[in-house]
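If you read the sequences in order, they're chains A and B.
If you read the first sequence in the numbering used here, its first letter stands for residue 1, the second for the next number, and so on.
If you read the second sequence in the numbering used here, its first letter stands for residue 1, the second for the next number, and so on.
Keep in mind that the hints were calculated from the coordinates and are not lab data.
This structure is a prediction, so every number in the text was calculated from the model and none was measured.
Certain hints may be false.
Computed footprint of chain A on chain B; a stretch qualifies when at least three of its residues, placed anywhere within it, have a C-beta under 8 angstroms from a C-beta of chain A [stated by the list, open to error]:
1) 152 to 161
2) 498 to 507
Computed list of chain A residues with no C-beta within reach of chain B, every gap over 12 angstroms [as the list claims (entries may be wrong)]:
3) Asp24
4) Met56
5) Ala65
6) Thr68
7) Val69
8) Arg87
9) Lys100
10) Pro110
11) Arg111
12) Asp136
13) Met207
14) Val231
Below, a list of computed lysine-lysine pairs in the DSS-like style, where the Cα atoms sit at most 30 angstroms apart [to be verified]:
15) A:Lys144 - B:Lys64
16) A:Lys139 - B:Lys64
17) B:Lys494 - B:Lys64
18) A:Lys21 - B:Lys64
19) A:Lys118 - B:Lys494
Note that CB positions come from ideal geometry on N, CA and C, so glycine has one too.
Chain residues, written in single-letter form:
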Amino acid sequence: MTAAEIKLEVKDYNLYYGDFKALDGVNVRIPAQQVTAIIGPSGCGKSTFLRTFNRMNDLISNARAEGTVLMEATNIFQVDVVELRRRIGMVFQRANPFPKSIFDNVAYGPRVNGLRDKRQLNEIVERSLRDAALWDEVKDDLGKSGLALSGGQQQRLCIARALAVQPEVILMDEPASALDPIATLRIEELIRELRKQYTIVIVTHNMQQAARVSDYTTFFYTDESRTGILVEFDTTKKIFTNPEDQRTEDYITGRFG
Amino acid sequence: MSTVSEIVMQKVKMIQRNHTHAQSNLETRRLTQKIAFGALWLTGGLVIFVLFFVIVYLLLQSGKFFIGAENMLEAAAVQSSNEEVRAHVAATPNTIGYLSLGYLDDTIKPLALNGVAPTVDNIIADKYPIVRDLYMVANGEPSPNAQAWLDFVRSREGQAIVEQAGYIALQDAASFQLAAENLAGELTLAGSTTMQPLAEALAQAFVQHYSAITVSITGSDSTLGVREVGREKIDLAMSSRDLNHVEISRYRTLNIFPVAHDGIAIVAHPSIPVDSLTYNQARDIFTGFIDNWKAVGGPDAPIVVLTRESGSGTLESFEYWVLRKDKLMDHGFATGDVQMVAQGLSASLTAIWRFLTTRPLPGMGGKGGTSTTIITTAYMVILTLLIAAPVGVGAAVYLVEYAGEMGMQNKLMRQIVEIIRFTVETLAGVPSIIFGLFGFALFVTILHLGLSMLSGALAGACLILPVIIRTSEEALLTVPRAYREGSLALGATKWQTNWQVVLPTAMPGIVTGIILGIGRVVSETAVFYVTLGGSIHLPTSIKDQGRTMVLHLYSLMMDANAADPAMGTAMVLVVTIVVINLAINYFSKQLSIRMSGKAR
Numbered sequence: 001m002t003a004a005e006i007k008l009e010v011k012d013y014n015l016y017y018g019d020f021k022a023l024d025g026v027n028v029r030i031p032a033q034q035v036t037a038i039i040g041p042s043g044c045g046k047s048t049f050l051r052t053f054n055r056m057n058d059l060i061s062n063a064r065a066e067g068t069v070l071m072e073a074t075n076i077f078q079v080d081v082v083e084l085r086r087r088i089g090m091v092f093q094r095a096n097p098f099p100k101s102i103f104d105n106v107a108y109g110p111r112v113n114g115l116r117d118k119r120q121l122n123e124i125v126e127r128s129l130r131d132a133a134l135w136d137e138v139k140d141d142l143g144k145s146g147l148a149l150s151g152g153q154q155q156r157l158c159i160a161r162a163l164a165v166q167p168e169v170i171l172m173d174e175p176a177s178a179l180d181p182i183a184t185l186r187i188e189e190l191i192r193e194l195r196k197q198y199t200i201v202i203v204t205h206n207m208q209q210a211a212r213v214s215d216y217t218t219f220f221y222t223d224e225s226r227t228g229i230l231v232e233f234d235t236t237k238k239i240f241t242n243p244e245d246q247r248t249e250d251y252i253t254g255r256f257g
Numbered sequence: 001m002s003t004v005s006e007i008v009m010q011k012v013k014m015i016q017r018n019h020t021h022a023q024s025n026l027e028t029r030r031l032t033q034k035i036a037f038g039a040l041w042l043t044g045g046l047v048i049f050v051l052f053f054v055i056v057y058l059l060l061q062s063g064k065f066f067i068g069a070e071n072m073l074e075a076a077a078v079q080s081s082n083e084e085v086r087a088h089v090a091a092t093p094n095t096i097g098y099l100s101l102g103y104l105d106d107t108i109k110p111l112a113l114n115g116v117a118p119t120v121d122n123i124i125a126d127k128y129p130i131v132r133d134l135y136m137v138a139n140g141e142p143s144p145n146a147q148a149w150l151d152f153v154r155s156r157e158g159q160a161i162v163e164q165a166g167y168i169a170l171q172d173a174a175s176f177q178l179a180a181e182n183l184a185g186e187l188t189l190a191g192s193t194t195m196q197p198l199a200e201a202l203a204q205a206f207v208q209h210y211s212a213i214t215v216s217i218t219g220s221d222s223t224l225g226v227r228e229v230g231r232e233k234i235d236l237a238m239s240s241r242d243l244n245h246v247e248i249s250r251y252r253t254l255n256i257f258p259v260a261h262d263g264i265a266i267v268a269h270p271s272i273p274v275d276s277l278t279y280n281q282a283r284d285i286f287t288g289f290i291d292n293w294k295a296v297g298g299p300d301a302p303i304v305v306l307t308r309e310s311g312s313g314t315l316e317s318f319e320y321w322v323l324r325k326d327k328l329m330d331h332g333f334a335t336g337d338v339q340m341v342a343q344g345l346s347a348s349l350t351a352i353w354r355f356l357t358t359r360p361l362p363g364m365g366g367k368g369g370t371s372t373t374i375i376t377t378a379y380m381v382i383l384t385l386l387i388a389a390p391v392g393v394g395a396a397v398y399l400v401e402y403a404g405e406m407g408m409q410n411k412l413m414r415q416i417v418e419i420i421r422f423t424v425e426t427l428a429g430v431p432s433i434i435f436g437l438f439g440f441a442l443f444v445t446i447l448h449l450g451l452s453m454l455s456g457a458l459a460g461a462c463l464i465l466p467v468i469i470r471t472s473e474e475a476l477l478t479v480p481r482a483y484r485e486g487s488l489a490l491g492a493t494k495w496q497t498n499w500q501v502v503l504p505t506a507m508p509g510i511v512t513g514i515i516l517g518i519g520r521v522v523s524e525t526a527v528f529y530v531t532l533g534g535s536i537h538l539p540t541s542i543k544d545q546g547r548t549m550v551l552h553l554y555s556l557m558m559d560a561n562a563a564d565p566a567m568g569t570a571m572v573l574v575v576t577i578v579v580i581n582l583a584i585n586y587f588s589k590q591l592s593i594r595m596s597g598k599a600r
């Protein structure tokens, strides 16, 4: 991978909650416009690591970070966090549409960034809903409340909402774990489509999903100390067919969950 | 073989029978269920229906609580006897007055009420409603002389004289019998001027039988007469009205003896072309709401209203009829006169409207209405909320979003928040009079704001602030953390997140807190009592004094000793509170619906 193809770079990154070390010495380079999956056993810090990129860990008062995280050579801890979060969007595990209309949900991001022009907002909303594969289902009633949609639709709404601010990176924290299999498949299709325009980092505990959806895979691991470490990073094909590390192999083959 | 098939057939039949049995069992159960539900619905509906009418009826019967605004015309010219009224009406055009039936003659024109003329026949037939009895009142057992008098007056002979005088005789007059002993001495009567001529006529006949008794009759008025007999200064009082409860409680041993039935006729100058008035027209004329003859079909001329002096039994009987709409309705129900009932209903509603729209008058008796107090109450609600709502909600947002659970917590901040919350909780339980005194000390005195709406609003704001803070905090805490995270992840600032996501979501709960605040302001006495002043006038600036409905009620009960208008004010208050709560309940639901999406 050339330097131009790297979107996010993490160097010697440690994360502490008070005295507890949650992540230890993470080094990884996330490629641009690819889907990178983060897999690993429960409690190994996958979500915590994901939330580093858009500095959501700042919300936790006793969280402390060491090391460097760069987005295309910019240190994310030195830029305005609001601007950073516009460039790096997030989709959460449980869909969390606001108690507003579908239109207002999707338009929320552009609006808080200062966009007022109705025509532009209409365009953005339509484009985002189309990109999230939700437009056809809701185009007749954008005034309906976001909470009145089904689970899968709500999650796609949240994706549309994230797309509306035109980020460069989309972070997804187990986006389909709360959905039924059919809705899950639709999300996975969506992810493959979005790859063309965005860099996607997706945390998943579903290995088959990681195998289906991602181009690259990161394997995180933790022992009794509950401190997470990054064990291996490589193309998905290699990780799932011929991993370098024994722990990776054990996890893939299901010797531990 | 056949037995087997028989057995099988039997079994099949049994199964079939059981099946249908079970089915019909189920069907019967379903049917009984339906009947039971139907009966329940029917009863429930009937109960609600009846309750509704009972409430409406009671409300309209409460006419006496709303007469504050309708009082006998102060500007009416006062006459001191029936004869004076008659003379005045006969002589002056455009006059109207009322007098006892016995004083009707050709010099004046009696007006019919709703087409019913004030005649003896109409009164006996229970068609004419302004009736009253004429009484003799004794203190305890009547003296022998007084007893002889009473027996005479109520005998057929006495009643004949009653009829001659133009009144209506009692039904069950017996024939007169002379008393056993030889009676002599004095017999003193005093009281109603209405009854004076009648008493004199009766006395002339009486002394024919008892020549040794000297009868002395003094005319003053019914109230003075009752007082004299209560003090045992005279033998009998003449009263042209029933005893009132003050007299009954003060002179506990009074006995009243009806001696004649009488009616009160409304009379006008003979030149007036009007022959009949409706009940409501009559009332409006004597209370001053109609002041020109053309409003009732007469010439374009101001109506000159005559009335009787204070203390007159005729005045009180007439006033009682004119001002008490519920009496009208009672009479209508009793005689089956639908028109009277309808007029009583409309009169009650008009009275309620007038009570709400006229200003309270100073002085005893709680005269006037409640209009200024209603508006002042509204002012106080708005002013207090303008101060308390932003401060309260703002404090709650700070405590929750910035200093507390949803903000950056460090140990110091958490402790400060704990202390603040404890203080707020404690303040919520402090008696309101303490807020009143605090307000008086700080706003009225130290800050020199004086007794004013501003002082009252500031003190009231302090009172409801703890409630608003507490409920707003709870509302904010129920907003899911996921909403905040979702908003922040989109590149919104904390401020934007609070304004555009958190606060709107918490709005129903916050509104609840504000409703509680409004309720407290409307029903608060102690705080406003010491900060608002007591003026009955409408305040025109926030530095003016004023009076809320509750304070007015309090003043009516305590200062003016006017229980009836106080009850009326209380009713208006309760209705106001119910309406406020209904309205805000409705808006709160609308907000919820809009926010959580149309029901699935």
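Hints, one by one, checked against the model:
| no. | hint | result |
| --- | --- | --- |
| 1 | 152 to 161 | violated (count 0) |
| 2 | 498 to 507 | holds (count 4) |
| 3 | Asp24 | holds, 25 angstroms |
| 4 | Met56 | violated, 7 angstroms |
| 5 | Ala65 | holds, 16 angstroms |
| 6 | Thr68 | holds, 22 angstroms |
| 7 | Val69 | holds, 17 angstroms |
| 8 | Arg87 | violated, 8 angstroms |
| 9 | Lys100 | violated, 7 angstroms |
| 10 | Pro110 | violated, 9 angstroms |
| 11 | Arg111 | violated, 8 angstroms |
| 12 | Asp136 | holds, 20 angstroms |
| 13 | Met207 | holds, 26 angstroms |
| 14 | Val231 | holds, 28 angstroms |
| 15 | A:Lys144 - B:Lys64 | violated, 54 angstroms |
| 16 | A:Lys139 - B:Lys64 | violated, 63 angstroms |
| 17 | B:Lys494 - B:Lys64 | violated, 60 angstroms |
| 18 | A:Lys21 - B:Lys64 | violated, 80 angstroms |
| 19 | A:Lys118 - B:Lys494 | holds, 25 angstroms |
Against the hints set out earlier in the document, violations occur for numbers 1, 4, 8, 9, 10, 11, 15, 16, 17, 18.
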